[in-house]
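*Asks:* Protein chains in written order, with this note's numbering: chain A, 1 to 336; chain B, 1001 to 1334.
Because the hints were derived from the structure by calculation, they are not lab data. Built from N, CA and C at the ideal position, the CB exists for glycine as well. Any given hint could turn out to be false.
[Stated by the list, open to error] Calculated pairs, EDC-like style, for lysine to aspartate or glutamate (alpha carbon to alpha carbon, straight line, at most 16 angstroms):
(1) K266(A) <-> E1235(B)
(2) K218(A) <-> E1178(B)
(3) K260(A) <-> D271(A)
(4) K124(A) <-> D1050(B)
(5) K1220(B) <-> E1155(B)
(6) K183(A) <-> E32(A)
(7) K92(A) <-> D1036(B)
(8) K214(A) <-> D1282(B)
(9) K1297(B) <-> E294(A)
(10) K20(A) <-> E41(A)
(11) K1318(B) <-> E1240(B)
(12) K218(A) <-> D1282(B)
(13) K266(A) <-> E294(A)
(14) K119(A) <-> D1036(B)
(15) K72(A) <-> E1027(B)
(16) K96(A) <-> D1036(B)
(17) K218(A) <-> E1235(B)
(18) K183(A) <-> E33(A)
(19) K1012(B) <-> E1022(B)
(20) K149(A) <-> E61(A)
(21) K1292(B) <-> E294(A)
(22) K1292(B) <-> E32(A)
(23) K1313(B) <-> E332(A)
[Said to hold, decoys possible] Among chain B residues calculated to face chain A with C-beta under 8 angstroms, some are:
(24) N1003
(25) I1037
(26) K1043
(27) P1044
(28) N1053
(29) Q1158
(30) V1291
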Amino acid sequence: MHLITMAHLGEAQSVIQQLKLERMTPELFKNEEIVLLLTGEGPFEAATKTALILSKYPFSEIINIGIAGTLKDYNIGEILPIRTLYLVNDLKPAFKSFKAGSEGVDCLTSFERILSPEKAQMLKGLGHLVDREAWGVAMAAKTGGIPFKCYKMISDTAGTLSACELVKENAQEFSDKIAEFLKTIVSTSQTNEPEEKMALPGFHFTFTSSHQFKNLLKKLSLKENQESAKVINSLPLTELRLLEVSPKEKTRKLIEVMEKRLNPFKAILQDEKDKLQKSFAQHDFRIDIDPLWEKSKLTVSFEAGNDEELQMKALAFKTLSLQSFTKLMNGEIHVE
Amino acid sequence: MWNEVYVEEEIKNHPRVTSILEKLKKEPLFVPRYDDIWGRSKKPYLHKRDSLNLFLARKHGQLLKLAPDAYGSAGEPHYYFIHAYNCIYECQYCYLQGYFNTPDIVLFINHEEIISEMEKVLSNHPGTKVWFHAGEFSDSLALTHLTGELELYHEFCQKHPEALIELRTKSVNTRELEKLPPLPNFIISFSLSPEDMAKRIDMRTPSTKARLQAMNTLQKAGFKIAAHFDPIIYEDKFRERYEALLNQMNSLGLNQSLEYLSLGVVRFTKDVYREVERNYPDSVIHSGSMVKSFDGKVRYHRPMRMWMMNTIKELSIKSGIRPELIYLCMEEDA
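Just chain B, with the same shape it has in the complex:
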């Protein structure tokens, strides 16, 4: 899977690095700093298919970022923590293809420092629930069999009931998670698209059916689960397909146990849109006409995306999801 594995000299004896290297069974290359190599040159995104490098590094600088408005459910502060850069999956709409200069993956190993930052944030918000999201720059479960950090974040949640951690994923790699006892503030959220659409746009990811199965497994084990219908992409049968997806979820008893459902219509920054056009010229994404919207992002025009979100919201409520658990992601006046 990995073309080459680079390790920062500073952390070469770190037990987490040793453990990862043992599992990878690959001779690493040692470098002073990961960013001496990573992202230094513009590496085309699709080269991840045949020459994906892995970097093990210590994250310096900002370890947490305040999430933008309308990122999660309203009224509570939201942060995301940066435990990795880039992803093993290849979703055609993924903003990572225009965000970094390279698709090469970095796994940061200084989770203790990230957690210490999270504790500082908590102390700045006394008496408030604070959300910490993983999965903004990488899938939060896909490589957990290698990285072994879940336990630390789980312990943090145990110690701080006022904190909520959300692990966003498309992965069905739940083995490490299942070793931990469920907690009310440790939420696993899955990004879902109707089966046919996922086959077309979520490349190299587990199928929707497999993701639903993973949700079911976790739900039965007592974990808190959530779902993101994001990005929603228009096609002729989009209503029927989302109806089918909600029915699939309902048949597994997921709709009644969701902590929340977020809805987000496909959107891109200008740069990412250009990359999507270049990387996936034959994607279904290009069949809909898009405009530069209120925040400069490229989206369907407002009446269309509001209609799409209303339609899915209505279908979701009809299928048993409580209205107060549904929120619209990254949408003005939503």
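Pulled out of the complex, with its shape left as it was, chain A reads as follows:
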């Protein structure tokens, strides 16, 4: 279910008609898929009203849409996606900002209407548009953990005294445009495709291995600076297909090959660790190496029940060496 928030009934009237929304309260309208909330002006009012409605319906997305004044050279009637929302109070920005999209323009939500050119001038460096409520809706969406989008239609130039009249005069036209636009974005944001499972003939992918494969493929592609398709073509798929093991096992081996190619150090370290553990295990010593390979010291432990056993261990220590470990930690490694 989508929650659409708008500030005023004036800008929402066509939305209510065209989306066939039923009036529930003076501020709330709905159909089966959409709830429209009129928040009024002011960031705190918008935040409070949005937060209150979030507990009542299972929303998958919140869209704030409405009019805004421009601080730059945008055309009246133009609808722009919002990238980031800032709050300004007494012309000073507040710390919290909210992301509404990866592309678009930046909108300042102001506690006051910006009616003087001096004030508008001071805000020009902070954003492209000014509105009165979007930041509050974004804050409620963020708190509720619900995806948030925002679109603004340019209604006037911020800092002009005639801005309010202009908005009133064109309310119907603005509302029609917003409704048309809203219909397109609500229909495109309906589906949320689940991640597709990986498919390669001869291999069997579970969801986990599919995720691992895709992750490794992306990293290899980044590391080798080549497209994923080229990376796949360079993998030993034919050789692995010929192995007389199950498709699931072939996938495991494929992932091993990719991990080694991505991080040759991992295999070297594992190999050295195995050798070291084996040499210490001959005398029933156990060694623990920092799993992050960050600490240049390791822990050796053993069990002894009496002095004789202890002396035996002391003698055994003299035959052991940590030279290979020291070399490893100092980067003395042979990497192809």
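We have chain A; now place chain B onto it with these hints.
*Replies:* Leaving out everything else, chain B in the frame of chain A:
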């Protein structure tokens, strides 16, 4: 280039401000204090691409900072001076993306006060060479055609042979520098990466070839030059690529004239790493596996980064750089 230019009211008649504004040809906005606006709200780092603001301000508070251990060559005190915040370039690994709340640039204009602080520091270290680094929070050359402060720092070096100034840069904007006579204690150091890697991670910066050319120009003019291979990032052909870079440097005669070469493997604070992941999800940086290391920073694990530094150190020595001029930057036990 600039979305808006803000100037602190206190300095609006300062000759340096007048000169900068004349060059910018942009009507400024006057504010009581730059930090009434700058950094007050969290502005995403990548917004610098289309809405970068410039602030001209007076730096209050700390003008110099003691550099952390292993910042420069060992045995001498190192400070960095704060003449600007943020940078026009966009390097994918840059710690500035997680350091300030905004990518907007501040140019401080009270260089005389910074220099006076530097003189105080010198008097606290009698008989010792003291390093002053520029370029910790901003590129030290990129905007010098606008800012015009180089002459002051140059004069300071002339007056105080016991002081060493290092200008760290990726810029090839050496015009202002070339107007000054070279000094033995005025060092220009360039951050370098192999050409292919620089193309991938040093966005909106001059190419490695252009940086090497700038080094060559300065070297021929008699300037002291240095290099930083930092950050070193792992990729399959990393040895071959650094070998090629060192050969390029050698062909220009740079390796024999370097004052020093510092090596540093890529590293991030946790916050910066998170920003890098967010800002550059497709960066080659994410192809290597990293861990939380000895100082809490995110790095490659120790055997790998030591191997990388050993490899490059060995290649550097082979290409004619004297071993005693190579130091490992920000690495424990290095």
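*Asks:* Less than 8 angstroms between beta-carbons is the criterion; does Q1158(B) satisfy it with respect to chain A?
*Replies:* violated (39 angstroms)
*Asks:* Given the hinted pair K266(A) and E1235(B), is their alpha-carbon gap at most 16 angstroms?
*Replies:* At roughly 14 angstroms apart (the allowed maximum being 16 angstroms), E1235(B) and K266(A) satisfy the hint.
*Asks:* CA of K218(A) to CA of E1178(B), is that 16 angstroms or under?
*Replies:* violated (45 angstroms)
*Asks:* Given the proposed pairing of K149(A) with E61(A), does the C-alpha separation stay at or below 16 angstroms?
*Replies:* holds (8 angstroms)
*Asks:* Is it true that the CA of K266(A) sits at most 16 angstroms from the CA of E294(A)?
*Replies:* holds (14 angstroms)
*Asks:* Taking 16 angstroms as the top limit, are the C-alpha atoms of K218(A) and E1235(B) close enough?
*Replies:* Holds. K218(A) to E1235(B) sits at ~14 angstroms (cutoff 16 angstroms).
*Asks:* Is K1297(B) within 16 angstroms of E294(A), Cα to Cα?
*Replies:* With a Cα-Cα distance of about 11 angstroms, the restraint between K1297(B) and E294(A) holds, given a limit of 16 angstroms.
*Asks:* So if I understand the rule, the pair passes when the alpha-carbon distance is 16 angstroms or less; does K214(A) with D1282(B) pass?
*Replies:* holds (14 angstroms)
*Asks:* Does the alpha-carbon distance linking K72(A) and E1027(B) stay inside the 16 angstroms limit?
*Replies:* Within the cut-off at roughly 15 angstroms; holds.
*Asks:* Would you check the hint for K260(A) and D271(A), treating anything up to 16 angstroms between C-alpha atoms as holding?
*Replies:* holds (12 angstroms)
*Asks:* Keeping to a limit of 16 angstroms between CA atoms, is the pair of K1313(B) and E332(A) held or broken?
*Replies:* Given that 16 angstroms is the threshold and the Cα spacing comes to 13 angstroms, the pair holds.
*Asks:* Quick one, are K119(A) and D1036(B) close enough, alpha carbons at most 16 angstroms?
*Replies:* This hinted pair holds, its Cα atoms lying about 15 angstroms apart.
In summary, the structure is inconsistent with hints 2, 5, 10, 22, 29 from the numbered list given earlier, while agreeing with the others.
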